[in-house]
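Q: Going down the list, the protein sequences come from chains A and B.
Heads up: the first sequence at position 51 corresponds to 51 in the UniProt record's numbering, and the numbers run straight through without jumps.
Heads up: the second sequence at position 69 corresponds to 69 in the UniProt record's numbering, and the numbers run straight through without jumps.
Honestly, the hints are just simulated from the structure, not real lab data.
Errors might be hidden in some of the hints.
Stated by the list, open to error - List time: in silico DMTMM-like cross-link candidates among lysine to aspartate or glutamate, alpha-carbon distance up to 20 Å:
#1 Lys128(A) <-> Glu21(B)
#2 Lys66(B) <-> Asp147(A)
#3 Lys128(A) <-> Glu109(B)
#4 Lys128(B) <-> Glu109(A)
#5 Lys33(B) <-> Asp76(B)
#6 Lys168(A) <-> Glu180(A)
#7 Lys128(B) <-> Glu10(B)
#8 Lys120(B) <-> Glu117(A)
#9 Lys7(B) <-> Glu21(B)
#10 Lys120(B) <-> Asp112(A)
#11 Lys120(A) <-> Asp112(B)
#12 Lys120(A) <-> Glu117(B)
#13 Lys120(B) <-> Glu109(A)
#14 Lys30(A) <-> Glu75(A)
#15 Lys128(B) <-> Asp147(A)
All of these numbers come straight from a predicted model, not from anything done at the bench.
Protein chains: 2
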Amino acid sequence: MEYTFRKQIERIVSLTDTEFEYVLSFFVRKKYKRHQFVIQEGDPANYEYFVLSGLLKSYILDEGGKMHILQFAMEDWWLSDYTAYLTGMPATTFADCLENSELLGITKENKDKLCSEMHKMEHFFRVKSNYGYVALQRRILSLLCNDAQAKYRQLFELYPSLFQRVPKALLASYIGVSRETLSRLTISPDQD
Amino acid sequence: MEYTFRKQIERIVSLTDTEFEYVLSFFVRKKYKRHQFVIQEGDPANYEYFVLSGLLKSYILDEGGKMHILQFAMEDWWLSDYTAYLTGMPATTFADCLENSELLGITKENKDKLCSEMHKMEHFFRVKSNYGYVALQRRILSLLCNDAQAKYRQLFELYPSLFQRVPKALLASYIGVSRETLSRLTISPDQD
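Same shape as in the complex, but just chain A (with noise of 0.2 Å):
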C-alpha cells in the first residue's frame, strides 16, 4: 500500500528502495475507522498525513454550529491542520474519517529533519506545497467567481470519484451553497 506513496514522490524524485525505506522511517501508520476524528479542534495537529487508503473530511465548526467544509482528502492525498502544524498552535479545524482510513503521519520535527538529511525530499516538498498553493488559489477563485451551479460543475470536473463516496449535503459546505441549492444543481449542462 506504501506503492502508491513511494509512485507520488518518484512523480517528483527518484529514490532507490533503501532510501525509500529510509524516507518511510520517519512515518508512523496510523488505522482510523469511520467516523473517528483525527484532529480535533484545540488539541495539537502533530502529523501531516498522507493517505493510503480511505477518506477523510476536514472542516471547522463557526461560532453558530455550522460546518464549513475546507478540504476532503482520499487516496494519495495529504492533510492536516497546518496553521497548528507549522505554529505549534492548538488546531481550529477538525478531521475526521468519512470511510474507515489509513493513513501515513509524519511530525513536523521528522519532516525538517528528514528535509535537512535528503535534500531531494526538502525538492519534493517543496514541489508539493507549491501544487497545493495553486490548487487553494484556484478554490478562492471559484469561490469569488462562480455561482453555484458553475462551482458545482468545477468540483465535479476535478473530482469526479468524490461524488460516489461524499454525501451531498458535505459536497454543499465545500462549495459554500446550501443543501436546497445543491439539489437543484446537475453536473452536465445538458443533464435533468
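Could you slot chain B onto chain A? The hints should help.
A: Chain B only, in chain A's frame:
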C-alpha cells in the same frame, strides 16, 4: 533595498555576503510605473516576483468583465500567476501596479537551479510556500464562514497598512462584497 530581501531569507536560513550575492545573481531587477501591467492574461508568466518597493494587485476578470482580486502584494511579499509560472501555461490572471514598484524577478528555471545548487534556498522556498499555503487556507475559511463585516475586520487586522494604500473598491473586491456593502462596514465594532 535588497536588504529587505536578505532579511526575509535570513529569518529562515543564514547566508554569507558571498552567498547572498550569488542568490541575487539569479534574479533580475525590474521597475514598473503605477498602472503598468506585470502579468497579463494569455501571456506566459515567466517570473515570480519579490516586491522591493511599491504595491501591486493580482486579479481575474470574469466572463461579465467583473474584477475579482486574488491578492495584493507590497514590500516583502511575493507575487506571480503561480499556475502559469509552474506549468508554463498562459496566465489566467492580471497583475498591475497600484504604485510605482520595484521588483526582483526569478524564472522557474533559475529558481529550480538555485534550489538544486543551494539546499538551504530550497529549504527557504519550501518554508515560504508552506506559509503561503496557510495564508490561503485562512482566506478560504474567511470566504466560507464570515459575513462581510467580519471579513472586512479580519483583513484590517491582518494587513492594516493596506487600508492606507488601497482604494476601498478594491478591498471590497478582495473580500468578495459589493462596494455599497463595504461603505456600510466599519473597522472597529465601536466605530461609527
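Q: All the hints need checking, so say for each whether the structure fits it.
A: To see whether the hints hold, each was checked on the structure:
Distance restraint check for Lys128(A) and Glu21(B): the Cα-Cα separation of roughly 28 Å exceeds the 20 Å cut-off, and the hinted pair is therefore not satisfied. At roughly 13 Å between alpha-carbon atoms, Lys66(B) and Asp147(A) fall within 20 Å of each other, so this suggested pair holds. A hinted pair counts as satisfied when its Cα atoms are at most 20 Å apart, and Lys128(A) with Glu109(B) qualifies at roughly 17 Å. A threshold of 20 Å between alpha carbons decides the hint, and for Lys128(B) with Glu109(A) the separation of about 17 Å falls inside it, so the pair holds.
At most 20 Å may separate the alpha-carbon atoms for a hinted pair to count; Lys33(B) and Asp76(B) meet this at roughly 18 Å. For a cut-off of 20 Å, the pair hint linking Lys168(A) to Glu180(A) stands: about 10 Å separates their Cα positions. Distance restraint check for Lys128(B) and Glu10(B): the Cα-Cα separation of roughly 12 Å lies within the 20 Å cut-off, and the hinted pair is therefore satisfied. Straight-line distance between C-alpha atoms of Lys120(B) and Glu117(A) comes to about 11 Å, which keeps the hinted pair within the 20 Å bound.
For the proposed pair Lys7(B) and Glu21(B), the alpha carbon gap of about 13 Å is at most 20 Å, so the pair holds. Under the criterion of a C-alpha separation no larger than 20 Å, the hint pairing Lys120(B) with Asp112(A) is consistent with the structure, at around 12 Å. Pair hint Lys120(A) plus Asp112(B) holds up; C-alpha atoms about 12 Å apart against a cutoff of 20 Å. Distance restraint check for Lys120(A) and Glu117(B): the Cα-Cα separation of roughly 11 Å lies within the 20 Å cut-off, and the hinted pair is therefore satisfied.
In summary, the hint linking Lys120(B) to Glu109(A) is supported, as the alpha carbons are separated by about 17 Å, within the 20 Å threshold. Straight-line distance between C-alpha atoms of Lys30(A) and Glu75(A) comes to about 14 Å, which keeps the hinted pair within the 20 Å bound. Among the hinted pairs, Lys128(B) with Asp147(A) is inconsistent with the structure: their alpha-carbon atoms are about 32 Å apart, more than 20 Å.
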